[in-house]
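So the protein sequences, as listed, match chains A and B.
Going by the numbering used here, the first sequence opens with residue 841, and the numbers climb by one from there.
Going by the numbering used here, the second sequence opens with residue 27, and the numbers climb by one from there.
Worth flagging that the hints you see were computed from the coordinates, not collected in a lab.
Cβ coordinates follow ideal geometry from the N, Cα and C atoms, glycine included.
There's no promise every hint is true.
Here are the computed distance ranges between Cβ atoms for each label pair [unchecked claim]:
{"id": "1", "chain 1": "A", "residue 1": "Ala1031", "chain 2": "B", "residue 2": "Trp87", "range": "34 to 42 angstroms"}
{"id": "2", "chain 1": "A", "residue 1": "Ala925", "chain 2": "B", "residue 2": "Ile123", "range": "48 to 56 angstroms"}
{"id": "3", "chain 1": "A", "residue 1": "Ala1007", "chain 2": "B", "residue 2": "Val115", "range": "24 to 32 angstroms"}
{"id": "4", "chain 1": "B", "residue 1": "Gln79", "chain 2": "A", "residue 2": "Ala1065", "range": "17 to 25 angstroms"}
{"id": "5", "chain 1": "B", "residue 1": "Ala110", "chain 2": "A", "residue 2": "Asp847", "range": "40 to 48 angstroms"}
{"id": "6", "chain 1": "A", "residue 1": "Thr941", "chain 2": "B", "residue 2": "Thr104", "range": "29 to 37 angstroms"}
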Amino acid sequence: MIQDYLDGISRELDFDRSLARCVRQEVEDHLWEAVAADPAGNLLEAQRRAVANFGDARVIAAQFAVLSLARQSRRAGVAAVLVVAGIFIAMKARVAWYAATQWAISDDLRAVGGLVGMVDRYAFLLAAIVGLAGWLYIRSREIPAALHPAYRRQLHRFFVLCCTAAAALAVSVVSDAVLTALNLRGTELSAASVVPIISMTIEIACVGMLVFHIYGIAQRAASAAALMKT
Amino acid sequence: MLKGHLDMIVLAALSAAGSAHGYAVIEEIRRRSGGAFDLPEGTIYPALHRLEQAGLLKSNWMTADSGRRRRVYTLTKTGSRALAERRVVWKQFSDAIGGLLGGNRPRENPA
Chain A
841 MIQDYLDGIS RELDFDRSLA RCVRQEVEDH LWEAVAADPA GNLLEAQRRA VANFGDARVI
901 AAQFAVLSLA RQSRRAGVAA VLVVAGIFIA MKARVAWYAA TQWAISDDLR AVGGLVGMVD
961 RYAFLLAAIV GLAGWLYIRS REIPAALHPA YRRQLHRFFV LCCTAAAALA VSVVSDAVLT
1021 ALNLRGTELS AASVVPIISM TIEIACVGML VFHIYGIAQR AASAAALMKT
Chain B
27 MLKGHLDMIV LAALSAAGSA HGYAVIEEIR RRSGGAFDLP EGTIYPALHR LEQAGLLKSN
87 WMTADSGRRR RVYTLTKTGS RALAERRVVW KQFSDAIGGL LGGNRPRENP A
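Just need the whole structure built from these sequences, with the hints factored in.
What follows is the structure, given as structure tokens:
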């Protein structure tokens, strides 16, 4: 009976495997201790009572789902700041490399380069401001016991901020890719080209990481909402 | 009403018990409340996790005598401070309600 209950709670928390594992171990310890402390000698009856006293697995899982969602949101906030910092470092490293190797955009493409550079700067600035604002916003919110409407609104605001930061970063990275292509145009692939290519790979990976975190929020929000419905 | 004070109750039970696992926290709450707070036992665990995430508790895993893995919670300094603040607020609230229901004037707040 206890195993069935544990399987049930693990199933409900399947969207967050590490939390499910941790909760399962904690609940298992609790239930067997309750069985051991039960005054009635009947093991099956003691198990039934322990499970009944513990409460509905779905209700408990719903409370954990809110925690999981809050944790994922905070992680995404931190990720947004780290991603902005990572891309900034990659950009600066690439620009320093261009200066060291004296690579420059050819004269006929300088106007295009200037325009793309401006888009890049403003998109990155927007991403940095919005990402930082999102992180400060979500870390200052208290985690409630349930997914009540006020907290839903807070999470929605944070989600919008994260999506805006990710979109702005994507524009910035695409602009960087265009600038890198313009810089590398006409040069032969050599060991010197490795630095711009690696820095671009880092930037793309950073944006991918942020998108992955945002997807995690959406996934957990859906799971928490589904658990709350019942 | 109990739901709104669950965090304070858990913090107070842990403060009294020292380090404790979930089952011991529930037993402590039941014992200290004279059985008045007989809440669904499972609701304690999300509260413990939430308080840990807020930095009010810390936890570590150990192996119990039974051989099972056990998570033991301890109040942090921040948790002790938060509990002290909640005690003051609760005392003021309790005095005010006592004054209202009993007809006695609550003591003036020195602040």
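Going down the list of hints, with the structure as the test:
no.	hint	in the structure
1	Ala1031(A) - Trp87(B): 34 to 42 angstroms	49 angstroms, violated
2	Ala925(A) - Ile123(B): 48 to 56 angstroms	51 angstroms, holds
3	Ala1007(A) - Val115(B): 24 to 32 angstroms	43 angstroms, violated
4	Gln79(B) - Ala1065(A): 17 to 25 angstroms	20 angstroms, holds
5	Ala110(B) - Asp847(A): 40 to 48 angstroms	42 angstroms, holds
6	Thr941(A) - Thr104(B): 29 to 37 angstroms	51 angstroms, violated
Hints 1, 3, 6 from the earlier list are contradicted by this structure; the remaining hints agree with it.
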